[in-house]
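Chemist: So the sequence lines, in the order shown, correspond to chains A and B.
Sequential numbering of the first sequence, starting at 0, is according to numbering that gives the first Met the number 0.
Sequential numbering of the second sequence, starting at 0, is according to numbering that gives the first Met the number 0.
These are calculated hints, taken from the structure and not from any lab test.
Note that the Cβ used here is the ideal one computed from N, Cα and C, for glycine as well.
Incorrect hints may appear among the rest.
[Stated by the list, open to error] With a cut-off of at most 27 Å between alpha-carbon atoms, the simulated BS3-like pairs for lysine-lysine come out as follows: (1) B:152 with A:177; (2) B:90 with A:177; (3) A:177 with B:110; (4) B:110 with A:49; (5) B:94 with B:110.
[To be verified] Beyond 10 Å from chain A on every Cβ pair, some chain B residues (computed): (6) 67; (7) 98; (8) 164; (9) 175.
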Amino acid sequence: MKVINLERQRHTQERLALWVILILIAIAFGINLRFGLYPIDLFIALNDLKSQDFLVMTQLRLPRFILGLVVGGSLAISGFALQTMLRNPLAEPGLIGVSSGAMIMVLIGIVLFPDWIAFTPLFGLIGAFTMSFLVYRLATFNRGLNITMMLLAGIALNALAGAVAGLLIFLSNEQQLKTLTFWSMGSLSINDWSLMTPLLFMVSLGLILFYHLASSLEVLQLGEREAQHLGVSVQSLKSKLFLAVALTTGASVALCGLIGFVGLIIPHITRQLFSFRMKTMLVMSFLFGGLFLAMMDLVARTIFPPSELAIGIVTSFIGTPYFIYLIIQRERRSYA
Amino acid sequence: MRLVLWPLFYLLIVNQAVCSEQRIISIGASVSEILVALGLEEQIVARDVTSQRPAALLKAPDLGQAHHISTEALMSHRPTLVLMSSGLMNKRLHKDLNQLGIAIHIIEDGKTLEDIPKKIREIARLVHRIDRADQLINSLAPLSPPQSQQQLKLAFLYARGPSHTFMAGTETTADAMITELGHLNAFAQMQGFKPISAEALIKANPDVILIQESSQKNLDELWQTPGIQMTQAYRSRSIVFVDTLAFLGLSLKTVDELNRIRRVLHESD
Chain A
0 MKVINLERQR
10 HTQERLALWV
20 ILILIAIAFG
30 INLRFGLYPI
40 DLFIALNDLK
50 SQDFLVMTQL
60 RLPRFILGLV
70 VGGSLAISGF
80 ALQTMLRNPL
90 AEPGLIGVSS
100 GAMIMVLIGI
110 VLFPDWIAFT
120 PLFGLIGAFT
130 MSFLVYRLAT
140 FNRGLNITMM
150 LLAGIALNAL
160 AGAVAGLLIF
170 LSNEQQLKTL
180 TFWSMGSLSI
190 NDWSLMTPLL
200 FMVSLGLILF
210 YHLASSLEVL
220 QLGEREAQHL
230 GVSVQSLKSK
240 LFLAVALTTG
250 ASVALCGLIG
260 FVGLIIPHIT
270 RQLFSFRMKT
280 MLVMSFLFGG
290 LFLAMMDLVA
300 RTIFPPSELA
310 IGIVTSFIGT
320 PYFIYLIIQR
330 ERRSYA
Chain B
0 MRLVLWPLFY
10 LLIVNQAVCS
20 EQRIISIGAS
30 VSEILVALGL
40 EEQIVARDVT
50 SQRPAALLKA
60 PDLGQAHHIS
70 TEALMSHRPT
80 LVLMSSGLMN
90 KRLHKDLNQL
100 GIAIHIIEDG
110 KTLEDIPKKI
120 REIARLVHRI
130 DRADQLINSL
140 APLSPPQSQQ
150 QLKLAFLYAR
160 GPSHTFMAGT
170 ETTADAMITE
180 LGHLNAFAQM
190 QGFKPISAEA
200 LIKANPDVIL
210 IQESSQKNLD
220 ELWQTPGIQM
230 TQAYRSRSIV
240 FVDTLAFLGL
250 SLKTVDELNR
260 IRRVLHESD
């Protein structure tokens with residue numbers, strides 16, 4: 000009887016936590032649409048659907064908020080899954096090469112194909128997928144995906160990407176350099192549904208995959224051998240997780256540029272705040288990541304009027320001290 | 000008679016109303032300069048950071064660097080017309096304003112002196128001041144004839160801060176202006192702006208260095224640039240400080256600046 004009660008209690012807690020975060024997202028939605036550099040007159044906005052006030056809310060702020068939710072959520076859920084899979088709290092989506100791959104291809108697009116600037120997200124997507132596929136291939140042997148090899152391949156290819164990026168930056172002109180700087184610090188000001196729709200589609204695919212793999216990922220926490228004994232096909236799970244991370248993060252990075260630390264710190268905060276089943280934890284990290292990035296975007300677009308700060312700067316400002324704190328904590332724990 | 004006069008009167012009133020109600024945001028130094036010269040300083044409600052001259056422009060709020068202008072910040076000035084210099088093209092802003100139904104026009108920067116009148120006419124047309132365009136064009140000083148037939152090798156250096164100096168190769172406005180002056184670009188073998196390199200500088204061996212005015216206070220630092228001491232320009236200490244806004248901007252002051260550079264080069268011969 001007591002077991003049933005505990006189970007029910009956990010369900011209630013999960014439901015409560017989900018409701019709280021959904022309410023917080025609803026509040027963030029209101030704040031994001033209401034506040035910004037353009038002073039919105041709510042009366043005008045809601046009474047005249049052709050007014051500039053309404054257009055600013057729906058054409059500028061709404062797409063940004065949705066993008067913040069989706070991109071922040073993607074980075075966070077990918078980070079959470081990778082940290083669980085690698086059993087390493089310092090893992091983040093960039094490890095599998097998506098960010099560096101996207102960066103190289105975006106640079107190639109900007110510098111070598113300046114007339115194709117509209118296709119920058121496509122370049123980014125190709126780069127993200129190609130690089131993560133390379134990392135996957137280099138790390139896969141007869142016995143499946145080798146985590147150490149994956150990390151080493153990621154480091155090596157990231158270094159190569161740095162060199163290629165340096166060369167392309169050297170070849171770029173001032174205008175191209177500015178475009179690149181803007182992209183490399185991340186931005187949610189895409190405001191183009193024709194670009195956002197494919198992102199939403201790919202992220203949805205990735206999320207379905209994550210949700211489908213949640214139970215196996217939960218078992219994997221016990222260890223690879225134990226998971227195998229419990230009937231989990233570990234290699235297949237790793238490959239599918241790899242694909243889900245590439246889909247969600249690849250599409251996000253390709254569209255919005257490099258936004259650091261969300262994939263690292265949000266999974267940690269989620270773990271510190273909650274201790275639920277894997278499915279709920281994945282959902283919570285997605286929602287929490289989305290909420291975090293949407294609010295950081297509000298900071299980025301209002302903190303230094305009349306200019307907008309790149310969102311990557313804001314997330315890094317908050318993320319770096321937390322990252323250092325994590326390293327120190329880890330060191331202390333290992334000494335203890 | 001009354002039938003003819005009334006529509007004319009109406010058109011005049013409407014046209015006047017259109018002009019007086021314009022709330023212009025100007026992005027680009029030369030665009031802003033031309034707008035002021037056309038008598039529109041009161042209608043400029045905001046500007047980018049490069050629009051600093053004439054001083055009348057400083058009254059308008061500064062939106063920062065063109066590439067980082069926030070659409071919302073720009074919209075908060077409730078513009079009816081946004082003019083953007085092609086060299087400072089911000090595609091994101093352009094797309095956002097199109098979606099919001101705000102008129103935005105890209106003004107071609109141009110490449111040669113002949114493009115300045117074209118630019119003036121284009122801006123005058125967009126702000127309904129076509130009548131003043133010719134007047135303004137006629138007031139521009141002509142380029143003075145060269146005082147010497149000697150062709151010098153000029154190198155334009157663009158210092159963007161310590162250790163960030165660039166050399167202007169072909170397909171840059173600096174190259175076009177050097178050609179207008181009747182001299183040779185010392186960096187004609189390269190294309191665009193490239194970071195300075197000692198060997199390229201020695202190989203180019205310019206007779207005269209052109210550099211922006213702000214470098215005047217860091218002259219010692221400039222002479223310490225690797226390779227510069229092996230050039231003819233260093234040996235003869237031939238350096239001309241230029242007003243980059245006028246020299247590179249193809250603006251109303253460009254010809255004046257070229258005439259001044261020509262005079263300085265002649266005097267230092």
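Chemist: Confirm or reject each hint.
Modeler: Evaluated hints:
1. B:152 with A:177: violated, 31 Å
2. B:90 with A:177: Distance of about 12 Å is within 27 Å: holds.
3. A:177 with B:110: This hinted pair holds, its Cα atoms lying about 21 Å apart.
4. B:110 with A:49: violated, 41 Å
5. B:94 with B:110: Status holds; Cα separation ~26 Å.
6. 67: violated, 5 Å
7. 98: violated, 5 Å
8. 164: holds, 13 Å
9. 175: The claim holds: residue 175 of chain B sits with its nearest Cβ about 16 Å from chain A, beyond 10 Å.
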